[in-house]
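Generate the whole structure from the sequences, applying the supplied hints.
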Amino acid sequence: MSEVRLTGVSKRYDAVSRPALESLDLTIPNGELAVLVGPSGCGKSTTLRIVAGLEEASTGKVFIGDTNVTNIPPANRDIAMVFQSYALYPHMSVFDNLAFALRIQKCDEKEIRERVQQVARSLSIDDYLERKPKALSGGQRQRVAIGRAVVRNPKVFLFDEPLSNLDAKLRGEMRKEIARIHNSSDHTTSLYVTHDQIEAMTLADRIVVLKDGLVQQVGSPIEIYDNPENRFVAGFFGTPAMNFLTADAIQKNDTLHASGEGFSLPLGKEVGACDRVTVGIRPESISLHGESDAPTMKASVHLREVLGAEVLLHVDSPAGELTVRTEAHAEAREGDNLTLYLPTDKLHIFDAASENRI
Amino acid sequence: MNRRAPKPISQGLVYLGISMLTVIVLYPVMVILKKAFEPGRNFATSVSPVPTEFSLEHFENLLSSANSSGDLLFLRYAWNSTLVALATTIVGLCLACTAAYALSRFRFAGRRFGIATFLAVQMFPGTLLLMPLYVILHKLGLLNSLLGLVLVYATTAIPFCVWTLKGYFDSLPKELEEAARLDGASSFKIFYMIMLPLAKPGLAVTGLFSFMTAWNEFILASTFLTDDSAYTLPVLLKSSVGQYSADWGLFAAGAILTSLPVMALFYFLQRYLVGGLTAGSVKG
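Sequences listed follow chains A and B, in order.
First residue of the first sequence: 1484, per my numbering; consecutive thereafter.
First residue of the second sequence: 16, per my numbering; consecutive thereafter.
Accuracy of the hints is not assured; some may be wrong.
[To be verified] Here are a few chain B residues that sit away from chain A, every Cβ distance over 12 angstroms (derived from the structure): (1) S70; (2) D185; (3) S201.
[Unchecked claim] Taking lysine-lysine pairs in the DSSO-like style, the calculated list, with each CA pair at most 30 angstroms apart, reads: (4) K189(B) x K1544(A); (5) K1752(A) x K1781(A); (6) K215(B) x K1615(A); (7) K189(B) x K1589(A); (8) K204(B) x K1615(A).
Calculated from the structure, these hints are not laboratory results.
Here a beta-carbon is modelled for each residue, glycine too, at the ideal position from N, C-alpha and C.
Here's what the structure looks like:
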């Protein structure tokens, strides 16, 4: 069992500033890959370093399996970590880098050789075993860094932004590689820190969204995408980002409308005592054709971006600038006037003051 | 980068300046070289650095002069100097690298005070310590002994070595240590398996510095060593130029032979030196 559990974990670097992490409760079940995601300074790396034991929590406990590891040094936690900077030992060959931890554990040299060879083959770095890290490309170094973690067969893998130093193409490849490694062992739990929402969406069994040291939402990628708990989460996931418009909640013909100058959208639900709302709608949820009874809004195109498979239209509407994602052959051109259809069931409604989902 | 071609005049001025500096630096060296290879005890009256006659008599005298029991003096003192300089380097480096690593990476009570003390000690000239050191060595019975000299040199070299090495350790990435900690290495293993091999350039710089100071040092050596069997090379050199009779030819030949080992060390270590002195200045 290698479930990772944090209870009431806080981290405060000094008494004056805001805590880096505030009473975090988090359970990552055995074998899951959890991605901690958020903007820089949100506490995601701090969380990872606390699980690794490189940083002490100010309060709270960390469990790996059933063991309370809060006061156990990193070496005895049976974890392996992949660093953003790779942190390969520059004066050692690739083989020695991979073998380092096993040699510290005083494994039999023959077994070390076998395990290193096997891991090197599975990561296609077996041709470079005698090279020093500086003679490798970025992608190869990253493979060695991952290999160094894998070869130990740990209970928990920790990844600290492992792909952010790679170019886009390699990043895609390594993402698949990491997914493959994680899936190849049923009992290894992985914690993955990134600021990249695409990595989070593609890799995670479970996404933990953090901001300012506080958990914003925990859920599967699709839950996070479809039902964001607050405006921050809604805006963080999705490229291009969700459109937001702020309006007054006004009762009209027995239904509640989000009403602003020149537009009025039925909300389709009660909003309680709140009288100003932020309505969010994803660019792909706005369409240029729709049912005649769907709420509409007039807009004019001011920029058209062709992405190949699709087209992004940046339009000026009474509610401000909106982005619409539509199919590649849409005929709208700069300057055209359009009618946008905004289906009620695709609207995300947030309290404008607290920014929480209603 | 698109740089403008320098104007011929300003370029000429730069070369003129550099040439003048080169002459200023090289002239004394040339004069010593000239004296070493020119017969006669005194400096010639001419200011020209080019010798008019050539002879190896000073070198022959230097290398063949022996004491009453037939020991060759120069070789004996060269051996003394080598022992002292090597021992100083080894003692200095061993103590300095552990201290520097601790000061660079660990947080403990007295750390800031320790660093400040090392810096403060650097500010005193060695001669200021002459008296107290003499008393201490006398009490320890280490006057006239090379061991005593090694201790004195090492204590004076260590603060500089600690500062240089600490700077070097500071520039090594922390992630390497964290990776090694997660790999299960103890603090000492991290130190000697990871950090020390990476600090080689820093060690080369500080080692060379310790060696050089010990090799060239004169004042402390001439004060603490009164028995001529324990002399080091600088003391021998000085003894060839006395108050009433001075053999500058012998002195010059000795000075040149004495500087050869340090020059050789510089030559072999320069690869590390350049890397060491600019360590941490460029991220890479």
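Status of the hints after comparison with the structure:
1. With 12 angstroms as the threshold on Cβ separation, the claim that S70(B) sits away from chain A holds: the shortest Cβ distance comes to roughly 51 angstroms.
2. At the 12 angstroms boundary, the C-beta of D185(B) stays outside the reach of chain A, the nearest C-beta of that chain being 16 angstroms off.
3. Not every CB of chain A lies more than 12 angstroms from the CB of S201(B), the least distance being 8 angstroms, so the non-interface label is violated.
4. For the hint pairing K189(B) with K1544(A), the CA-to-CA distance comes to about 25 angstroms; that is within 30 angstroms, so the pair holds.
5. With a C-alpha separation of about 24 angstroms, the suggested pair K1752(A) and K1781(A) falls inside the 30 angstroms cut-off, and the hint holds.
6. A threshold of 30 angstroms between alpha carbons decides the hint, and for K215(B) with K1615(A) the separation of about 17 angstroms falls inside it, so the pair holds.
7. Straight-line distance between C-alpha atoms of K189(B) and K1589(A) comes to about 25 angstroms, which keeps the hinted pair within the 30 angstroms bound.
8. Straight-line distance between C-alpha atoms of K204(B) and K1615(A) comes to about 20 angstroms, which keeps the hinted pair within the 30 angstroms bound.
In this structure, only the earlier hint numbered 3 is contradicted, and the remaining ones agree with it.
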